[in-house]
Every structure is written in structure tokens, then in C-alpha cells.
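S.K.: Here are the chains, one letter per residue:
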Amino acid sequence: MKQKHFYSHIVEIDSLVIELDKMDLTESEKKHLMSIVESSVHHAVLDAILSELSEDDKKMFLQHLAANDHDVIWQHLNDRIENIEDKIKKAADELMRELDKDMIELKERDPQGSQ
Amino acid sequence: MASTKRRVSHYEHLRRKWISRHRDLQTKLWDKHREALSFLSQNTKQLAAGSLGALMLLSAPSALQLPQTVLVASEKIGQDINKNLFLVSDLASVLPHEVRSLTPSEEKEIAEIFSRYFRLNVSAELGGKRLNRSYGLIGQEQHLARYPGDTIYSHFDTKEEKEVFGEEGMAPGRGAWGYFAPSKAEFSKKDAMREKYYIAVQTFSAPGFYEHVSEYRDFFKYRKMLVVNPENGRGVVTVIGDAGPATWTGKHLGGSPEVMKYLERVDGRERGPVLYFFIDDPEDEVPLGPIIVQ
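From first to last, the protein sequence lines stand for chains A and B.
Under numbering that gives the first Met the number 0, think of the first position of the first sequence as 0, with each following residue one higher.
Under numbering that gives the first Met the number 0, think of the first position of the second sequence as 0, with each following residue one higher.
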């Protein structure tokens, strides 16, 4: 299910998998929740990147993204944005913290859940 | 005394919360970078489908992968979600920011987009008749009794369907057209599909309704309509199965639990904007239920 993205080496979502493993979920439920996480992170990362680019560079970046050529994507980003890796990581980490908080609150409020 | 409040599973709780958060992220991304994303959707139509993997994640998460236990037949489709992305983009270029009645030229453009994406003959006006609007807020309706004696216990074909759709309950009265079938013995699959994928529209507010009540009633009864959520591109072929909601509710139409779930309009707010257009289907060839972008 998990896809390899150009930012996969700096954005780590496995900690959420571990937390979901501790909950009373079926495999398919876990997979679905992780697909939401993955897509959410993708949106947050793209927003962080696009917010740093001009309109023309946004279009070029999105075309590179569609072609899924990681080397070209990184060259494009590194040439135009300072510390882009840090910015991507920061955006993803902020979202992950919120998702993590959702799980902690849920487990505290309803340790067993229900089916 | 035991509480009757239904407890929500961890999965259901997180699913609702995270989909809501995902929707916010999606909206924010499109609002901020609409020009570039629209450009991309226009220019990736020529790319090989296999190269669009990174873009597929830009679509609604529930279309990505749903657990088998909560899947209904309607949700097994929706694989080709990058096409929904293009539809969403095309609709966004026409729709106003606020949910208001569309102008004739806007309706024409939307009808053309739908006809192109869904390969249906779609329009806001059919045979000189139209509803009060074609873009409005949809709210959740309850299940309708399909024949005399139909209850929540007899309403579903499978246990899974009952689990997913049972909690909405049955409407206390019948729909505007009465029962879907006069008796259980005469109840057909077609009747079942009509109830499953019904919408309630404000027939009473249609221009000309009160001058030609019986003619308009016959026209609207089980008339097929395409309902589309413009935020995720999901479309469903429905019939008009009831009249409502009342204008004071602030809603413009209602959807059966099955319609609302497929459109992903069940998110706590239980209302949101949809487009609803007539389908010209004189031979009754267009099947009811979810429809995928071609």
C-alpha cells in the first residue's frame, strides 16, 4: 500500500503504524486509516512546497511530480528553495503530531473502543 | 437503565476525524494553488495513466482503499480517481464560490462537463421543466418504507448493509409517491434500487408547479437525476423519490443514506453542496447507483 515518494526518506510515518497496531483494528481498517494518513501527508507536503514557488515554478514542479522523476524533482526544488528538506519535514511532522494526538486522546477516552 | 447511545469504534472515530482533516488539507491546497493544479489537470490528460501515481494521492482518501467489512457494492468502484481530479478541477472553474442558484450559462457549462465525463445526456431543464435550482445543499434523509410492512428489520439484504446504513432509521411516513410497491409480493429489484438511491427535491418550488400540479407530479415521480459532489467528483444516478426538504431548513435537497455515504456527505455536518441535473433516459437504460467518470 505504502508508496515511495520523492520525500519518503525524510518523512517517516511508521510511528503511526505502530500506534495503530496497538488499537483494536482489523488489517483492512488499519490499511484504510494509513491511506488517509498517506494522502494527508502528501497534501501537507505539496502545500509546503508550492507555497515557496512562483506560479511558473509550481507548474514545472507538478509536471515533474506527475512524471515521478525524483532526481529532477529534487534538482528543481534545491535550485529554488533554501532548506527545502527541512520545510518538508516540518510540514509533515506538524501533521503527524496532530494525528498522533488524535489517537492518544481517543485511547484515553475510550480504551477499549467498540465494534 | 442501559444507555441507548451507540458507541463508536476506534476505526469509525479516527476515520471520520481524519477524513475531515484530509478534506481541510485538500481544500486549503486547492484554494492556494488552484491555478497550477488546474494547469496540471489540463496537461496530464495526455500522460500515461501509470505515471500519475503521485497525483492519485491528491484525491479523496475514501476512494483509495476501504475495508471489505464496510464496503458496499457502490464503493468498490472509484479506482480511477485521477479522473475525478480532472472533473473537480473543471467544475471548480465554473462554479461560484458561494452555493447559489446557477445562471443558465453556468448550468449549460456544467451539463456539458457532466455529459463529457459521465457519457450521459444531462441537463438542468428537461421538456421545459426544471427544479428551483441545480446547485444546492444536500442533507441526510432516512430510509423509506418500500411496501406496506417494510421495517428497519426487513429493509436490508445483508447484515453488512444493515451495519453500515441501519442507524439512519426509517422515515415515519411514506415518500411523496407513496410506497414503492403495493405489497411485498409485488416488490421488485427496481423498486429496491429506487429506494436505495433516492433523493428528495423541492418539487413544490419548481417554476410552474402549482399551475400544473398533476403534470409536474408525474414528471418528477422517479425522474432520474445525476447528483455530483463537486469537491470529490463522486457521482450517483438517483431517482426523485420524495419531495422536500422544507425551505426553512436551509437545505435544498435530501439524499438517502446510501446516496449520502457514496457522495461522502456524511461527515458530522451532514450537509454540503452538490450539483443535481436531469438525465434524459427515455428507454430507462441508465442504471441507478454510483457512476464512474469515463
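Worth double-checking, as some hints may not be accurate.
[As the list claims (entries may be wrong)] The calculated DSSO-like cross-link candidates involving lysine-lysine, where the alpha carbons are at most 27 Å apart (straight line), are:
{"hint": "1", "chain 1": "B", "residue 1": "220", "chain 2": "A", "residue 2": "3"}
{"hint": "2", "chain 1": "A", "residue 1": "89", "chain 2": "A", "residue 2": "3"}
{"hint": "3", "chain 1": "B", "residue 1": "31", "chain 2": "A", "residue 2": "58"}
{"hint": "4", "chain 1": "B", "residue 1": "220", "chain 2": "B", "residue 2": "188"}
{"hint": "5", "chain 1": "B", "residue 1": "16", "chain 2": "A", "residue 2": "86"}
By construction, these hints were calculated from the structure, which means they are not laboratory data.
Because the structure is a prediction, the values reported are computed rather than measured.
S.K.: Could you grab the alpha-carbon distance between residue 16 of chain B and residue 86 of chain A and see if it respects the 27 Å cut-off?
M.R.: Since the Cα atoms of residue 16 of chain B and residue 86 of chain A sit roughly 25 Å apart, the hinted pair holds (cutoff 27 Å).
S.K.: Straight-line Cα separation of residue 89 of chain A and residue 3 of chain A no greater than 27 Å?
M.R.: 19 Å, holds
S.K.: Next pair to validate is residue 220 of chain B with residue 188 of chain B; report whether the Cα-Cα distance is within 27 Å.
M.R.: Holds, at roughly 18 Å.
S.K.: Can you confirm whether the C-alpha distance between residue 220 of chain B and residue 3 of chain A stays at or below 27 Å?
M.R.: 50 Å, violated
S.K.: Against the 27 Å threshold, does the CA-CA distance of residue 31 of chain B and residue 58 of chain A hold or violate the hint?
M.R.: 13 Å, holds
Consistency note: the structure conflicts with earlier hint 1 alone.
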